[in-house]
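All chains should be built: construct the whole structure from the sequences, respecting the hints.
These protein sequence lines map, in sequence, to chains A and B.
For the first sequence, position 52 matches number 66 in the working numbering, and the numbering has no gaps at all.
For the second sequence, position 58 matches number 60 in the working numbering, and the numbering has no gaps at all.
It is possible that some hints are incorrect.
Said to hold, decoys possible - Okay, the calculated bits of chain B under chain A, using three or more residues with CB under 8 Å as the criterion: (1) 7-20; (2) 63-73; (3) 120-131; (4) 134-140.
Claimed, not checked - Some chain A residues well away from chain B (every beta-carbon gap over 10 Å; in silico): (5) Asp34; (6) Leu149; (7) Asp291; (8) Arg292; (9) Leu613; (10) Asp627; (11) Glu649; (12) Asp701; (13) Val705; (14) Met718.
Unchecked claim - Calculated cross-link-like contacts (lysine to any residue; reagent style SDA-like; alpha-carbon spacing at most 20 Å): (15) A/Lys249 x A/Leu444; (16) A/Lys281 x A/Glu581; (17) A/Lys629 x A/Arg180; (18) B/Lys84 x A/Ser734; (19) A/Lys482 x A/Asp533; (20) B/Lys84 x A/Ala36; (21) B/Lys152 x A/Gly722; (22) A/Lys406 x A/Leu444; (23) A/Lys482 x A/Glu568; (24) B/Lys152 x A/Gln723; (25) A/Lys590 x A/Trp618; (26) B/Lys84 x A/Ser525; (27) A/Lys488 x A/Thr423; (28) A/Lys314 x A/Val178; (29) A/Lys590 x A/Ala608.
In case anyone wonders, no lab produced these hints; they're calculated from the structure.
Everything numeric in this text was worked out from a predicted model, so none of it was measured.
Heads up, the beta-carbon is just placed ideally off N, CA and C, and yes, glycines get one too.
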Amino acid sequence: MDEITQAPTRIVGGSASRLDAAAKVTGQARYADDLSFPGMLYVKVIRSDRPHARVTALDLSRVEAHPQVVCVVTPGDIPGENVVPIIYRDMPLLAEGRVRYVGEPLALLAARTPEAAEEAARLARVTYEDLPAVLDPLEAIREGAPQVAVPQAAEAGNIFNHMVIRKGDVGQGFSQADVVVEGEYRVGYQEHAYLEPQGVIAVPEEGGMAIYGTLQCPYYVQNAVAAVLGLPLSKVRVVQTATGGGFGGKEDVPSQLAALAAVVAAKSGRPTKLVYDRAEDIISTSKRHPGVIRYRTGAKRDGTLVAVEVEFYYNAGAYQTLSSAVLWRGLVHAPGPYRIPNVKVDAYSVATNTVPCGAFRGFGSPQVIFAHESQMDELANRLGMDPLELRKKNALREGDETATGQRLTESVGLLAAIERARELSDWENLRREAEEFNRRERFRRRGVGVSTVMYGVGMGAKAPLLDKAGAYVKLEADGSVTVAVGNTEMGQGAITVLGQIAAEALGVRLSDVQLAPVDTSRVPDSGPTVASRTTTVAGAAVLDAASQLRARVEAAAREFFGSQRVEIADGKVWPKDRPRDAKPLSEVARWMWAHNWDLGATGWAQGAPVDWDPKTGQGNAYFVYAYACHIAEVEVDLLTGETHVTRFWAVHDSGKIVNPALARGQVAGGIAQGIGYALMEELRSEDGRIVAPSFTGYHIPTAMDVPGQYVIEFVEAPYSGGPYGAKGLGEVPLMAAHAAVANALSRATGGRLREYPAIPERVLGLVRGER
Amino acid sequence: MSINFRLNGREVEVDVPPGRRLLNLLREDLGLTGTKEGCGEGECGACTVLVDGRPRLACLTAAIQVEGKEVLTVEGLSAGGKLHPMQEALIKAAGVQCGFCTPGFVMAAYALLSENPHPTRQEVREFLSGNLCRCTGYEGIVEAVLLAAKYLRGDPSRVTPDGKTP
Ligand code: FES
Ligand code: FES
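Following this line, the structure appears as structure tokens:
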């Protein structure tokens, strides 16, 4: 760590209020649907209503004849390529001749009002010749299954990707085991349910296109729009509007919306708005991958893990989108945060005739975490061990090697987190109290569960080319500060945290700092806002820029004061030996401006090197890991099968916490999503059609479904490569929470939950001892 | 047809086509985009406004139903540039993340605190259970309502976000 990150901090580590809070509580923040442009048209997508079919005729004559319709777009109207480029290029923007899932876009129309657009879309006549469809990943890999995957995007048949970890020798490992537990775990979809549905506006401008929208990754959108319009990147400008939640759901999907709106804007020459309603959002956008995970764990009598073997299948949907990256994170995270000498993992993502799945907080890891954390509890039961002790015994420590053969050299706070969670929850007593409660009560049962997780921060060895960030910091002539990065605020608090880092490094007050609106033509590319990377990677770039700028301000101040050494803090500057001569930074800034000093600085950061051998799944998968230990207490009603989470403890190691209040909010929100995942959130589909795509059909937790209060703490194991020692946090709370809830529920019922969500029918089954 | 009502303390007269929802009237015709549409089906509470002091879902309310009534939206709470104590409390208690649910919560909480100035934590949770938030886990929001209740009672421990006691 350099000097600047070791000194005690004033702003970093403080719970400053969010920079965007006032605009949000007053209703002034402008989200995608709040914007309009003169002459704006409303786009509606005409979609497939078959899971797999040849389109033999597409008759849009009645759509075109609608008096309010201004423009209709079919594949022939796309000026560039008919593709939504994500990792692969298998997904067309508009399906041509063949549809692979219900909801796939076929054509577009634009009308003068949203109501007319809606009405006109119903006038489209599509003639299909149905093809056999396959909806289940295990069926899709059988011999003779209908071919869904575009062959160029698949490794074999419908297997998009198969990835492995091979460490040691599992055969030998299991032969040394005193106990072996084995289970198959199943999870369904999880829907992001961000409160603001997807939405973009495309606005033609001077030979190019501007896109305004609710999105996480402006550069992905820029790339997609340039591809479909056949324009150079320099002619496509993406502006992020206030974003009402993302959670991964606005990682790749906005590329599709923006490209759809852009081709209509290009053809009509007018601004076009495409905003989904809730039903369209649920039907047609990405979700967490459903999966089947087969897991086998072997241990010695004292609980020492000797071997783990995992085979899992994720339902990717009809196109690749982000599935290869999601699968890779699932692969690396499948063994859990434990020391295991022999590991064999086989991970498969499989194409089916369903809506493409994508990024969702945790990115392929929550599914396998459900499995590994259930296994740890099953193992503890078999060994008669305390499940928390079992985890402690096997938890990765500094100097240990991960399942991918990576030596952990620093910043491993897992044991500290487990220990702190045990203290805070008073673990032994908590378990005892639950047992007493269960002896006393006839129709209610309590259970306590624990989970531990690790999380690889950043893109990792799957996409190190994306783990870089630029930043620009400018001292204005009045002493205020502008910070520009391409990372987006979606609720997680990024702009406040980055502002705190800039303020700390420059020696100004946070109230002096303003984050520039994200516009790809004006801010440096700092990569996607995903993978809990913003604080660590973009934060390091901001720190770099601000440190350079500070050095320059100090040089100027030395001249200004005629002094050898100067100090800067809280927006004031003074000669070190004459603190009483302190001047507001604005005076020095004004002086610098008047004497033609360069007031701007560009910063750059990239993740520490990572490497990967795809044949063995060995390598330094991520540059650093974050850790957490969660403990949940649940209460189950034996008559109704209803489960409530009554108390919750969460301890995280995400290195230095830049803003504890915001970090706490991330954890509380992640716990709620985890509770939803484990207990409530079920998206039913029939014959490839999502039924009841609404908040009536899909229940997310309300204020009554979460505990009244959470106990949340941080143990900070600083990371030398992060700004002020920070690592990532955003995804980790969800990853840990659901597994603690699942283990608590299993404990309460005396059964073993092997399928999410634990809706009442399933819970009653566990109570009756059916699984 | 033309309707008259009071909106954030001012008389308005507007033409509305039959079937127009209050939500569209506010957002599109009157430019008050602080009221949000999260579902359009009465399930999320993002569109909560007050009609004659009671919380109403603007997505399920026909515009003509507010004829002669008093409508209050989030924009009306901080008129004059000063934040309402509920808004202050949401900032102070970190009850805002993406902010999309926030106006709805502000209005629902405002209604709760006007009918019950001393709510318990449990009462707050129950009252707000018709409003969805996907970001916060509700902790900061519930804290904020309890804090706002203190602010509104003129509790001496009231501290404004800038650290001053009024
Ligand atoms: S938009 Fe009215 S309740 Fe959701
Ligand atoms: S703050 Fe995002 S939905 Fe509540």
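Each hint tested on the structure:
Residues of the region 7-20 of chain B lying with their CB closer than 8 Å to a CB of chain A number 0, which falls below the three-residue condition for coverage. Coverage of the region 63-73 of chain B by chain A is violated in this model, with 0 residues showing a Cβ closer than 8 Å to a Cβ of that chain against a need of three. Coverage of the region 120-131 of chain B by chain A holds in this model, with 7 residues showing a Cβ closer than 8 Å to a Cβ of that chain against a need of three. As drawn, the region 134-140 of chain B meets chain A at 7 residues by the rule of a beta-carbon pair under 8 Å; at three or more, the given contact holds.
The Cβ of A/Asp34 sits about 7 Å from the closest Cβ of chain B, inside the 10 Å cut-off, so the non-interface label is violated. Distance check for A/Leu149 against chain B: the nearest CB is about 27 Å away, which clears 10 Å, and the non-interface claim stands. With a least CB separation of 6 Å from chain B, A/Asp291 falls inside the 10 Å interface cut-off, contrary to its annotation. Look at A/Arg292: its CB is around 4 Å from the nearest CB on chain B, not clear of 10 Å, so calling it non-interface is violated.
With a cut of 10 Å on Cβ distances, A/Leu613 stays outside the contact zone with chain B, its closest approach being about 29 Å. The claim that A/Asp627 lies off the interface holds: its Cβ sits roughly 39 Å from the closest Cβ of chain B, which is beyond the 10 Å cut-off. Chain B leaves A/Glu649 outside its interface by the beta-carbon criterion, the shortest separation being 16 Å against a cut-off of 10 Å. At the 10 Å boundary, the C-beta of A/Asp701 stays outside the reach of chain B, the nearest C-beta of that chain being 24 Å off.
Distance to chain B confirms A/Val705 as a non-interface residue, since its nearest Cβ pair spans about 15 Å, more than 10 Å. Distance to chain B contradicts A/Met718 as a non-interface residue, since its nearest Cβ pair spans about 5 Å, not more than 10 Å. Pair hint A/Lys249 plus A/Leu444 does not hold up; C-alpha atoms about 61 Å apart against a cutoff of 20 Å. Only pairs whose Cα atoms come within 20 Å are accepted, and A/Lys281 paired with A/Glu581 is rejected, the gap being roughly 58 Å.
For the proposed pair A/Lys629 and A/Arg180, the alpha carbon gap of about 8 Å is at most 20 Å, so the pair holds. Taking the CA atoms of B/Lys84 and A/Ser734, the gap is about 43 Å. The hint is violated against a cut of 20 Å. Taken as a hint, the A/Lys482 and A/Asp533 pair is honoured in the structure, with Cα atoms around 18 Å apart against an allowance of 20 Å. For the given pair, B/Lys84 sits about 11 Å from A/Ala36 by alpha-carbon distance, which is consistent with the 20 Å threshold.
Between B/Lys152 and A/Gly722 the CA atoms are separated by roughly 19 Å; this keeps the pair inside 20 Å, and the hint holds. Distance hint between A/Lys406 and A/Leu444 is fulfilled; the C-alpha atoms sit about 18 Å from each other, no more than 20 Å. As the CA atoms of A/Lys482 and A/Glu568 are separated by approximately 28 Å, the hinted pair breaks the 20 Å bound. Distance restraint check for B/Lys152 and A/Gln723: the Cα-Cα separation of roughly 19 Å lies within the 20 Å cut-off, and the hinted pair is therefore satisfied.
A threshold of 20 Å between alpha carbons decides the hint, and for A/Lys590 with A/Trp618 the separation of about 30 Å lies outside it, so the pair is violated. For the hint linking B/Lys84 to A/Ser525, the alpha-carbon distance of about 18 Å falls within 20 Å, and the restraint holds. For the proposed pair A/Lys488 and A/Thr423, the alpha carbon gap of about 36 Å is over 20 Å, so the pair is violated. A hinted pair counts as satisfied when its Cα atoms are at most 20 Å apart, and A/Lys314 with A/Val178 does not qualify at roughly 25 Å.
For the given pair, A/Lys590 sits about 24 Å from A/Ala608 by alpha-carbon distance, which is inconsistent with the 20 Å threshold.
In this structure, the earlier hints numbered 1, 2, 5, 7, 8, 14, 15, 16, 18, 23, 25, 27, 28, 29 are contradicted, and the remaining ones agree with it.
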